[in-house]
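Peer 1: Use these hints to put chain B onto chain A, whose structure you have.
Residue-level listing of the chains:
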Amino acid sequence: MPRNLRRWGPPLLMISPSLILLAVFVYGLLAVNAHTSTTDMNTAAQATGVKPTSFVGFDNYTKLLSSPDFQHSLKNLVIYTVVFLVGTMLFGFLWAWLLDRPVRFEGVFRSIYLFPMAVSFVASGVVWRWLLNSNQGESASGLNRLFQMIGLDFLQNNWWNNVNYGIAAIAIPAIWQLSGYVMALFLAGFRGIPEELREASQIDGATTWQMYRHVIFPQLSPVALSAVIIVGHMSLKAFDLIMSISKPANYQTKVPAVDMYVLKSSFHYADAAAVGVILLVIVAVLIIPYLVHISRAEKRA
Amino acid sequence: MTTTTEPLTAPIKAPVAAGGKGGRDRFSVGRTVKYALLLLFLLIVLIPVYVLIITSFKGTGDASPTRAWNLPQHWTMENWSAAWTALSPAILRTVEMVIPAAVISSLLGSMNGFVLSRWRFKGADLVFTLILFGMFIPYQAVMIPLLKLMQGAHIPSGIPSLIILHVIYGLPITTLIFRNYYQSIPNELIEASRVDGAGMLRTYWSVVLPISIPSFVVVLIWQFTSAWNDFLFAVFFSSSQNGPVTLALNNLANGALLQNYGVSMAGALLASLPTLLVYVLLGKYFIGGLMSGSVKG
Numbered sequence: 001m002p003r004n005l006r007r008w009g010p011p012l013l014m015i016s017p018s019l020i021l022l023a024v025f026v027y028g029l030l031a032v033n034a035h036t037s038t039t040d041m042n043t044a045a046q047a048t049g050v051k052p053t054s055f056v057g058f059d060n061y062t063k064l065l066s067s068p069d070f071q072h073s074l075k076n077l078v079i080y081t082v083v084f085l086v087g088t089m090l091f092g093f094l095w096a097w098l099l100d101r102p103v104r105f106e107g108v109f110r111s112i113y114l115f116p117m118a119v120s121f122v123a124s125g126v127v128w129r130w131l132l133n134s135n136q137g138e139s140a141s142g143l144n145r146l147f148q149m150i151g152l153d154f155l156q157n158n159w160w161n162n163v164n165y166g167i168a169a170i171a172i173p174a175i176w177q178l179s180g181y182v183m184a185l186f187l188a189g190f191r192g193i194p195e196e197l198r199e200a201s202q203i204d205g206a207t208t209w210q211m212y213r214h215v216i217f218p219q220l221s222p223v224a225l226s227a228v229i230i231v232g233h234m235s236l237k238a239f240d241l242i243m244s245i246s247k248p249a250n251y252q253t254k255v256p257a258v259d260m261y262v263l264k265s266s267f268h269y270a271d272a273a274a275v276g277v278i279l280l281v282i283v284a285v286l287i288i289p290y291l292v293h294i295s296r297a298e299k300r301a
Numbered sequence: 001m002t003t004t005t006e007p008l009t010a011p012i013k014a015p016v017a018a019g020g021k022g023g024r025d026r027f028s029v030g031r032t033v034k035y036a037l038l039l040l041f042l043l044i045v046l047i048p049v050y051v052l053i054i055t056s057f058k059g060t061g062d063a064s065p066t067r068a069w070n071l072p073q074h075w076t077m078e079n080w081s082a083a084w085t086a087l088s089p090a091i092l093r094t095v096e097m098v099i100p101a102a103v104i105s106s107l108l109g110s111m112n113g114f115v116l117s118r119w120r121f122k123g124a125d126l127v128f129t130l131i132l133f134g135m136f137i138p139y140q141a142v143m144i145p146l147l148k149l150m151q152g153a154h155i156p157s158g159i160p161s162l163i164i165l166h167v168i169y170g171l172p173i174t175t176l177i178f179r180n181y182y183q184s185i186p187n188e189l190i191e192a193s194r195v196d197g198a199g200m201l202r203t204y205w206s207v208v209l210p211i212s213i214p215s216f217v218v219v220l221i222w223q224f225t226s227a228w229n230d231f232l233f234a235v236f237f238s239s240s241q242n243g244p245v246t247l248a249l250n251n252l253a254n255g256a257l258l259q260n261y262g263v264s265m266a267g268a269l270l271a272s273l274p275t276l277l278v279y280v281l282l283g284k285y286f287i288g289g290l291m292s293g294s295v296k297g
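Line by line, the protein sequences are chains A and B.
Quick note on the numbering used here: the first sequence kicks off at 1 and runs consecutively.
Quick note on the numbering used here: the second sequence kicks off at 1 and runs consecutively.
One should not assume that every hint holds.
[Said to hold, decoys possible] Derived coverage of chain B by chain A (criterion: at least 3 residues anywhere in the stretch with Cβ under 8 Å from a Cβ of chain A; other residues may be distant): (1) 29 to 41; (2) 48 to 54; (3) 135 to 142; (4) 230 to 242; (5) 259 to 265; (6) 269 to 276; (7) 282 to 290.
[Claimed, not checked] Keeping only pairs whose Cα atoms sit at most 30 Å apart, straight-line, the calculated DSBU-like set for lysine-lysine is: (8) A:LYS51 to B:LYS148; (9) A:LYS63 to B:LYS148; (10) A:LYS247 to B:LYS148; (11) A:LYS63 to A:LYS247; (12) A:LYS63 to A:LYS51; (13) B:LYS122 to A:LYS299; (14) A:LYS247 to A:LYS75.
Keep in mind the hints are simulated off the structure, nothing from the lab.
C-beta: ideal position from N, C-alpha, C; glycine also.
Pulled out of the complex, with its shape left as it was, chain A reads as follows (with noise of 0.2 Å):
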């Protein structure tokens, strides 16, 4: 069929090689991780090949799920994301509704809100773990002296060597970093909407406030969904600013993520497989309707 050949050959050629390593390298290393997980794959020799291993079913899913030290990984996530997405959405909207309508240095706002974003999460690390330092008093320094310098005293606190809540103190530079990706994504929103829309509603009278309540917030349902979704994924991986401010094993500051970096580390590699899957399906309870969803309105397009 030299015909077929022509038509097909030259475009499988092209993307064959990407969707390969694509099929090995996410879909099939899935089902092996999978796989592992319901092995008693937890030591070191069986790690390595030496001894065999024998199929468990879901026992490691049970043993972590019912563990009270994942369960307050599992907990931690959930502060952790909660935190990150209020701020990162507070932030992001109101930096963009300040620069929606002209202003002076908008490119000098807009460009300083964003860089956070080019830099290393191990990076910022480094400044947010001297900033979050818990010592108060005398031996302050960091965020707690600055405090003190501005008469905010009561503001003072041991941020991430707290018990309960140390984790939302990770979400401060985490919000750092990423509301001005959200403030350019509702940036991009509000210079989407027509000029007319807000011409129509002034001629009809609505005061500036009304114009934004009924006509132009509303149209920004879709970026703030895509927001959520970007942020609260990458929230759900959430690794390495807990890695560089914290400590792995510190128990204030663990989540899924980091736990799986543990366990791998002391050979508990069935363990760290199980920890991923339930990470994997975390993010596809968020993520695939969100796909689904956006390829239905492609098509519509």
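Peer 2: Only chain B this time, still in chain A's reference frame:
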């Protein structure tokens, strides 16, 4: 992640002021509050930068907590030279890593994007969605078998492993950005080339590639930044002896028993300079990548 097909580099231009110039210069309470807020947020965002800079120039005798927010008493370069000694081998390795990683995944992404934007077949949308999903997966869910695979294939840990991983796991985002760009180029251009008798490969090479330069800049910057800033793969697939700068910086900042903030902060600035430089010089392309793609966690 948005899959819009707007031009990549001009997504957030301000509209022309409706009221003309006169409207701008009028004083009003609302405007004053707006600028005050903008300035306040600007200062808050810059706090960590101020701390990084002053601390990196402070000597060891200047570390008293009472002077934590003050300018250095004596400006010194000793932290910077210590940080450079500690990090420069890793910085060089990172350069050797990000260039091939960015170039190869961009080329592959461009071919994928072209095929997926022009070649309509049953299930094309499903294939695209499956590719996209690869960008959202938590890599923790592939890490254990990935470690075994790379060891089993005898791929040396460190930079060689990391190049391969950044290329492969960069494919979804590079494919997405190129596909969106190619969907926006007029069909007539491709058709004209086909009428002239060129096949798909020929059309790609002589018609599509030459007009792809802007998206290549966007994608290269994106891949450069995310590979440069990556820590997760670095921590699993390299050591401080053979790994990239993020790992070396983390060891510098957290490894020693006694925390030397001056050196770590100089190191953090050094490690961030390349990506910050790209952001400053090629900002509009950087934003183009942000808008058309998504963030790798």
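Peer 1: Taking the hints in turn, state whether each one holds.
Peer 2: Here is how each hint holds up against the structure:
As drawn, the stretch 29 to 41 of chain B meets chain A at 5 residues by the rule of a beta-carbon pair under 8 Å; at three or more, the given contact holds. Coverage of the stretch 48 to 54 of chain B by chain A holds in this model, with 3 residues showing a Cβ closer than 8 Å to a Cβ of that chain against a need of three. As drawn, the stretch 135 to 142 of chain B meets chain A at 7 residues by the rule of a beta-carbon pair under 8 Å; at three or more, the given contact holds. Requiring three or more residues with a Cβ within less than 8 Å of a Cβ of chain A, the coverage given for the stretch 230 to 242 of chain B holds, as 5 such residues are present.
Note: the stretch 259 to 265 of chain B has 3 residues with beta-carbon separation from chain A under 8 Å; the three-residue rule is met and the coverage holds. Given as covered by chain A, the stretch 269 to 276 of chain B passes the check, having 5 residues with a CB less than 8 Å from a CB of that chain where 3 are the minimum. Residues of the stretch 282 to 290 of chain B with a Cβ under 8 Å from some Cβ of chain A number 4, which satisfies the need for three, so the listed coverage holds. Distance hint between LYS51 (chain A) and LYS148 (chain B) is fulfilled; the C-alpha atoms sit about 15 Å from each other, no more than 30 Å.
For the hint pairing LYS63 (chain A) with LYS148 (chain B), the CA-to-CA distance comes to about 24 Å; that is within 30 Å, so the pair holds. A hinted pair counts as satisfied when its Cα atoms are at most 30 Å apart, and LYS247 (chain A) with LYS148 (chain B) qualifies at roughly 26 Å. Between LYS63 (chain A) and LYS247 (chain A) the alpha-carbon distance is near 24 Å, which keeps this suggested pair within the 30 Å criterion. With a C-alpha separation of about 22 Å, the suggested pair LYS63 (chain A) and LYS51 (chain A) falls inside the 30 Å cut-off, and the hint holds.
Between LYS122 (chain B) and LYS299 (chain A) the CA atoms are separated by roughly 14 Å; this keeps the pair inside 30 Å, and the hint holds. Under the criterion of a C-alpha separation no larger than 30 Å, the hint pairing LYS247 (chain A) with LYS75 (chain A) is consistent with the structure, at around 18 Å.
The structure shown violates none of the earlier numbered hints.
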